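Take these sequences, add in the hints, and give me the full structure.
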Amino acid sequence: MDIQIDEETLKAVELVRTIGREFLRPLGLEADRTNRPIPPDHPFYELVAKSGYMLQGLGSEGRGSSGSERAPAGGASGGGSRRRGGSRGSALRNVLVAEEGSYWDRGAMVSLPGPGLGGPPVLRMGTEAQRERLLAPFRQRERPVWAAFAMTEPGAGSDVARITTRAVRDADGWVLTGQKMYSSNSPRAEWVVVFATLDPALGRDGHRAFVVERDTPGFEILRVEHKMGLRAYETATFALDGCRLPEESLLGGQEYYEASSQRGFEGAMSSFNATRPIIAAMGVGIARAAYDIAAGTLKEDFAPHAFHRRRRALETLVEVRRRIEVARLMCMRAAWLLDCGMPNALEASMAKLYAPPAALAAVQAAAQVLGEAGVLRDSLVEKLARDVKAMDIVEGTQQIQRRVVSKHVVGVLGPSA
Amino acid sequence: MDFSIPEELAELERQCRRFAEKQLRPRQREVEQTGELAPAVMSAFDSLGLSGLMLPESLGGSADALAAVVALEAVAWGDAGALMALDQVGPAGGALAAWQSHSGGHSYGGGRLVLAMAEQTGATLPEQPPRDSEQPARDSEQLTGVSGEPAGGLVVPYAPGDGLPEALFVLGSTTLAMYPPDALEVSSTRAGAFDACGGMRVEVRDPRAAEMVAIGPSESLAIRARAWSWSSAVLLGIAQASLDHAVAYGRDRIVFGTPVLGHQANAFDLAGAYSGVEAARLATRSAAWRLGMAGPSDAAGGPWLAGLAYLEALRSSLVATDLGVQLLGGHGYMVDEPVEKYWREVRALSLLWGGEGGALDCLAAEVLTSADPLVVPG
Ligand SMILES: Cc1cc2nc3c(=O)[nH]c(=O)nc-3n(C[C@H](O)[C@H](O)[C@H](O)COP(=O)(O)OP(=O)(O)OC[C@H]3O[C@@H](n4cnc5c(N)ncnc54)[C@H](O)[C@@H]3O)c2cc1C
Numbered sequence: 291m292d293i294q295i296d297e298e299t300l301k302a303v304e305l306v307r308t309i310g311r312e313f314l315r316p317l318g319l320e321a322d323r324t325n326r327p328i329p330p331d332h333p334f335y336e337l338v339a340k341s342g343y344m345l346q347g348l349g350s351e352g353r354g355s356s357g358s359e360r361a362p363a364g365g366a367s368g369g370g371s372r373r374r375g376g377s378r379g380s381a382l383r384n385v386l387v388a389e390e391g392s393y394w395d396r397g398a399m400v401s402l403p404g405p406g407l408g409g410p411p412v413l414r415m416g417t418e419a420q421r422e423r424l425l426a427p428f429r430q431r432e433r434p435v436w437a438a439f440a441m442t443e444p445g446a447g448s449d450v451a452r453i454t455t456r457a458v459r460d461a462d463g464w465v466l467t468g469q470k471m472y473s474s475n476s477p478r479a480e481w482v483v484v485f486a487t488l489d490p491a492l493g494r495d496g497h498r499a500f501v502v503e504r505d506t507p508g509f510e511i512l513r514v515e516h517k518m519g520l521r522a523y524e525t526a527t528f529a530l531d532g533c534r535l536p537e538e539s540l541l542g543g544q545e546y547y548e549a550s551s552q553r554g555f556e557g558a559m560s561s562f563n564a565t566r567p568i569i570a571a572m573g574v575g576i577a578r579a580a581y582d583i584a585a586g587t588l589k590e591d592f593a594p595h596a597f598h599r600r601r602r603a604l605e606t607l608v609e610v611r612r613r614i615e616v617a618r619l620m621c622m623r624a625a626w627l628l629d630c631g632m633p634n635a636l637e638a639s640m641a642k643l644y645a646p647p648a649a650l651a652a653v654q655a656a657a658q659v660l661g662e663a664g665v666l667r668d669s670l671v672e673k674l675a676r677d678v679k680a681m682d683i684v685e686g687t688q689q690i691q692r693r694v695v696s697k698h699v700v701g702v703l704g705p706s707a
Numbered sequence: 230m231d232f233s234i235p236e237e238l239a240e241l242e243r244q245c246r247r248f249a250e251k252q253l254r255p256r257q258r259e260v261e262q263t264g265e266l267a268p269a270v271m272s273a274f275d276s277l278g279l280s281g282l283m284l285p286e287s288l289g290g291s292a293d294a295l296a297a298v299v300a301l302e303a304v305a306w307g308d309a310g311a312l313m314a315l316d317q318v319g320p321a322g323g324a325l326a327a328w329q330s331h332s333g334g335h336s337y338g339g340g341r342l343v344l345a346m347a348e349q350t351g352a353t354l355p356e357q358p359p360r361d362s363e364q365p366a367r368d369s370e371q372l373t374g375v376s377g378e379p380a381g382g383l384v385v386p387y388a389p390g391d392g393l394p395e396a397l398f399v400l401g402s403t404t405l406a407m408y409p410p411d412a413l414e415v416s417s418t419r420a421g422a423f424d425a426c427g428g429m430r431v432e433v434r435d436p437r438a439a440e441m442v443a444i445g446p447s448e449s450l451a452i453r454a455r456a457w458s459w460s461s462a463v464l465l466g467i468a469q470a471s472l473d474h475a476v477a478y479g480r481d482r483i484v485f486g487t488p489v490l491g492h493q494a495n496a497f498d499l500a501g502a503y504s505g506v507e508a509a510r511l512a513t514r515s516a517a518w519r520l521g522m523a524g525p526s527d528a529a530g531g532p533w534l535a536g537l538a539y540l541e542a543l544r545s546s547l548v549a550t551d552l553g554v555q556l557l558g559g560h561g562y563m564v565d566e567p568v569e570k571y572w573r574e575v576r577a578l579s580l581l582w583g584g585e586g587g588a589l590d591c592l593a594a595e596v597l598t599s600a601d602p603l604v605v606p607g
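Sequence order for the protein chains is A and B.
For the first sequence, this note's numbering gives the first residue as 291, with consecutive numbering after it.
For the second sequence, this note's numbering gives the first residue as 230, with consecutive numbering after it.
Note that these hints are calculated values from the structure, not bench results.
Treat the hints loosely; a few may be bogus.
As the list claims (entries may be wrong) - Now the stretches of chain A that chain B is said to cover, found in silico as 3 or more residues with beta-carbon under 8 Å:
| id | stretch |
| --- | --- |
| 1 | 393 to 407 |
| 2 | 484 to 490 |
| 3 | 652 to 663 |
What the hints assert, rightly or not - Partner residues are not named here, just some residues of chain B that face chain A (Cβ under 8 Å, in silico):
| id | residue |
| --- | --- |
| 4 | Gly-278 |
| 5 | Gly-281 |
| 6 | Ala-420 |
| 7 | Glu-585 |
Everything numeric in this text was worked out from a predicted model, so none of it was measured.
A virtual CB, placed ideally from N, CA and C, is assigned to each residue, including glycine.
Below, the structure written as structure tokens:
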């Protein structure tokens, strides 16, 4: 056992720290106060693009990718040889970078250019040619480019089998019709990975993943949502009104789905093995930010408080640290397994089940240490509380993680084991 | 023994609910955005006579603590932000009554009352009040925010048209200080919730203007208990609104072939949260009843129970409003649904007037000597 973090990862974290201090925190605060996302033409994004970090896991709702790797068939759970020293892989780095970025501002972090949640399905399901074509815009360093992911619909969130966006094949390719909602960064995305169904009656068997490019006729942003927090990036509803797509827009091509009719669904699910630890780690980052503010208050200015009040505040901080450090270990372990090519679906869900509620509790505890000052809009802790709540919803709610964990655990303990 | 509330109180609760349902709830988002309450809403609120329930008899009120918590909860269920803007006495009712009985000669003709706990302001009130009430209480630096924010001052709910507060009461363990309007300065600030009334930062411009009266420790606790009762009732109104919304939503929304609340795991969580709120409500009402029985210096264990009820209300409303958002999934995170507003409101309210820490401090000082209500003559 060795839980040291390698030098390269620490360097990556250090870089995000610099960017975070200088840009993510101030831009995120401004977006929150003005209730406006950071505009896509903000010069900061150009800097990010120039630095070559669009593919380095610097940000976005999901993991950034290294651009060339492809997960083993069936996702991370599909086996592969065990590679010691997970730090060599990108999952662990992505997790720690996500934590650091979210420490400064989770909303601004997700708004960073990069493939975002669109990355994992392209990497996991796409053909060589698709990966090459779709990720090319992220390799250039000229201008910021975004991508997005769209599964959720008005009638289907957790229960993705209920999606109704229809994909119909004809002689010229595909026609997509339906509506997607809560797709983050979609208004500025170069392309969006859209999950659709051949026939809703087929359930999971009917799922297919497509790449819809921004100028496709019929693709129209209908509204940008007003969220409780995380206002630095857009989360939007869009229409697919008879969008005509070429044959190559089907992720993985026809052959991909020949092995099993559920591969569309499985592709989406296996991306979670990478993204859930990241979302969980983002919660840890937010909790850490709250901790620092509370700890700073206790270090600098606690004179007016009686001894026992200070003592209780310190004990509260111990509990906050407990949650932060344990949650981080859960995230790191899930990512390490992924880097080793080991199954990690259970660990990824456990990290996602543990960390966001722990992070919310940590932020609330920090607010208590601040007392009344924690109520104000211009106190960062108030914003952190609103931001952190979403970590318990995106990429599978807490309830969905319980479902996954109990399936694994009961499967082991039950009579059928 | 009778746990039911008397018919006239039940009728008051129905009236407040109707007011909340018809006049507050449908416009809660609009009011949150504009901070404006229609004159009709204000007069409808006045006619409910809520402030009378919190004012002492010497000021023409009935100081009916039980009626107050019942009515407050019902109104907060509609829109706690609007309630805060409308209710100018708020948690300061107990302080005003004590001030009246000790200093006499003061009248209250309406206007915003502000209550602060001494420890919350960072101020140290003298243990024994000076005989000469003109004597300056402390210097201006003593009344600053807990966090040491440079501007300092207290954060209080406020309505845009309020002007200067009628009085700021600062409650110490044996002293109650009162600052008249001309000693105060206000500036607007924004809290994370309750935009309907807006936040106000109150600072003391002229500390010399403070007047003080000596109160016993038990009276201090009783004043605090009124504030706890007020907060508990408002927290519970918000929590109930959140659960009601989640129940309505969770019955319709289908996930994995079953309504959200048809999944036993969710139904269990909801049942737990619901019971938590009900327990806190029972405790809050029982405490209010005891407070009503007690004289100014508590013979009936009312303040102690009010403190326990407050902790119960704090915790159960945090759980209930979190579940309210969670059961709606992503929809709960968007401003189109009211549950995110309830979530923010409870989190903001739970930090005011000393919050959990303040309550624990007081209760810790009482725990070894507080009598079990069972053996206290009611
Ligand atoms: C800030 C933000 C960003 C987002 N970004 C994206 C994005 O980029 N792309 C995208 O596709 N989506 C995105 N989403 C949507 C998100 O993935 C969904 O909101 C989430 O999956 C929940 O779905 P839902 O909102 O429809 O809730 P529902 O699925 O309707 O869930 C309602 C409730 O039922 C519970 N529930 C569901 N199934 C079960 C079960 N079997 N047992 C017990 N309880 C259950 C849920 O936990 C929840 O409490 C985003 C959401 C938010 C808030």
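Going down the list of hints, with the structure as the test:
1. Only residues whose beta carbon comes within less than 8 Å of a beta carbon in chain B count, and the stretch 393 to 407 of chain A has 0; fewer than three means the coverage is violated.
2. Coverage of a stretch by a chain is defined here by at least three residues with a beta carbon nearer than 8 Å to that chain's beta carbons; for the stretch 484 to 490 of chain A and chain B the count is 0, and the condition is violated.
3. Residues of the stretch 652 to 663 of chain A with a Cβ under 8 Å from some Cβ of chain B number 7, which satisfies the need for three, so the listed coverage holds.
4. Proximity of B:Gly-278 to chain A is violated relative to the hint, the smallest CB-CB distance being about 29 Å (cut-off 8 Å).
5. Taking 8 Å as the C-beta contact cut-off toward chain A, the hint placing B:Gly-281 at the interface is violated, the least distance being around 29 Å.
6. Hint status for B:Ala-420: holds, given a least beta-carbon distance of 5 Å to chain A, under 8 Å.
7. A hinted interface residue such as B:Glu-585 counts as satisfied when its beta carbon comes closer than 8 Å to some beta carbon of chain A; here the least separation is about 6 Å, so the hint holds.
Of the numbered hints stated above, those contradicted by the structure are hints 1, 2, 4 and 5, listed in ascending order.
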